[in-house]
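S.K.: This is what each chain is made of:
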Amino acid sequence: MDYRPLRLIGPGPLDRLVRTLEALLVVASQPLSVDDLAHAADEYGPRVEAALELLEERYAEGRSGIVLERVAEGFAFRAARDEAAVCERLFERPADRGLSQAALETLAIVAYLGPCTRPDIARVRGVAADSVVAGLVERGLIAEAGRETAGAVRYRTTTLFERVFGLENLSALPRLDDLGADAGEIRARLEAVAERRGA
Amino acid sequence: MELRELELDLDAFEGPFDLLLTLVLKDELRPAEVDVASIVVSFCERLAEQERLDLDSVGEFLVLVAALLELKARELFPEEEVDLAELSPDEAAEELARRLEEYRRIKAAAAWLAERLDSERDRFFRLGPAPLAPRVEPGVAPQQPEALARALRALAVEPPQISLAHMELDFPPVSRFLERFRAALRRRRRLDLEQELEGLTRLEQASAFLAVLELRKAGEIVIDQVAPFARILVRRVEEKEAAWTIARSA
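Here the protein sequences come in this chain order: D and Y. Residue numbering for the first sequence follows our numbering, beginning at 1 and increasing consecutively. Residue numbering for the second sequence follows our numbering, beginning at 200 and increasing consecutively.
Any given hint could be a false lead.
[What the hints assert, rightly or not] A few chain Y residues facing chain D, derived, Cβ under 8 Å:
1) Asp-210
2) Asp-234
3) Ala-309
4) Leu-316
5) Arg-322
What the hints contain is simulated information worked out from the structure, not anything from laboratory work. Don't be surprised by glycine CBs; every beta carbon is placed ideally from N, CA and C.
Sequences are here, hints too, so could you generate the full structure?
M.R.: Structure below.
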């Protein structure tokens with residue numbers, strides 16, 4: 001951790017904006033984008049970004065009990081990681097407690113292939129997705145995102161999903177092509193079986 | 200080995216294999232919910248424990264599992280039945296390989312998410328529904344203050360006074376014309392209404408017309424007009440005729 005001296009916030013105009021952003025972020029219960037902050041503070045985007053950089057420095061991990069993080073395409077305060085054990089005594093993380101393998105696979109499908117329908121999910125996993133999807137909707141990790149022309153409900157991941165997994169946005173997920181290095185092996189094994197059968 | 204006693208522990212079902220089949224056949228358990236691969240793994244594990252291969256059990260199992268798979272496939276992909284039936288064996292193998300690869304990648308993604316969750320377990324943040332206030336969109340473009348003042352000044356001009364003169368109109372009493380027509384009809388038996396009205400103001404004409412209607416109602420006169428907009432002729436009713444007219448209208 002880099003322990004540079006804390007930059008003191010003086011009474012200049014940018015420092016005034018820093019205070020305003022601090023106030024907005026402490027009230028918010030979901031990440032605020034630069035646009036949200038600029039609109040609320042009646043300021044220009046670049047100045048808000050400059051003020052946020054000062055705030056990020058001030059609320060860096062290890063410097064304070066509060067950390068300002070870039071998450072879910074916005075900025076949000078959270079508790080410092082080294083205070084997690086204390087937080088755990090008072091607060092739960094209901095959204096991600098006890099996520100099953102089926103739930104994680106379904107989340108992965110919605111995150112990578114979404115917006116997608118329950119039949120889409122069933123097609124990939126080979127098992128009906130109804131109850132898993134209902135559970136994820138209840139946890140707030142996925143949400144409805146319109147309907148297909150045939151009427152099936154489409155689902156997408158939520159801001160909460162990105163926050164729980166600490167993702168700045170969905171493109172922070174590893175590329176699907178880079179995952180499952182052994183996926184090619186399946187094809188090779190199938191082809192080997194087919195050859196044996198043919199012989 | 201007794202196939203029926205094969206104990207299963209699946210997400211959707213826990214118990215012996217034959218109970219699972221019974222529930223599926225009774226439509227109390229959807230085949231789509233059943234993880235068939237786990238059943239096969241359980242069976243193979245039991246098989247490995249046996250010293251001798253029981254061909255009867257293996258054959259029975261194959262038949263039952265194949266039937267279960269078919270039921271499950273039909274439930275999961277009802278609309279694809281036709282498409283898949285048209286595939287050649289090579290195409291079907293390719294489709295299977297593509298799906299298995301896709302699933303393997305999704306499994307890897309799920310594993311990545313699980314790891315991520317583990318490493319992010321110490322991040323605590325505020326949760327809760329705090330909807331953002333609805334944004335008020337400015338509906339009007341920026342304006343010049345002088346132009347706004349001009350517009351306001353135009354609006355501030357006192358509106359023209361509305362004339363109430365027509366409310367003060369003095370209607371001549373109908374009774375005046377009743378007397379006048381009765382007198383005229385005593386002198387002559389009939390008269391031309393247009394001639395009688397000539398030279399009167401519009402208001403006096405209205406009162407005079409009301410008087411004629413009043414006389415007609417009382418049965419004192421008969422009104423004649425040969426065609427719309429033709430001259431209106433008023434005729435006095437004789438004593439005998441009047442009695443008859445009243446009797447008829449009664």
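S.K.: Please go over all the hints and tell whether each is borne out by the structure.
M.R.: Checked hints:
no., hint, verdict
1, Asp-210, "holds, 7 Å"
2, Asp-234, "holds, 6 Å"
3, Ala-309, "holds, 4 Å"
4, Leu-316, "holds, 6 Å"
5, Arg-322, "holds, 6 Å"
In this structure, none of the earlier numbered hints is contradicted; all agree with it.
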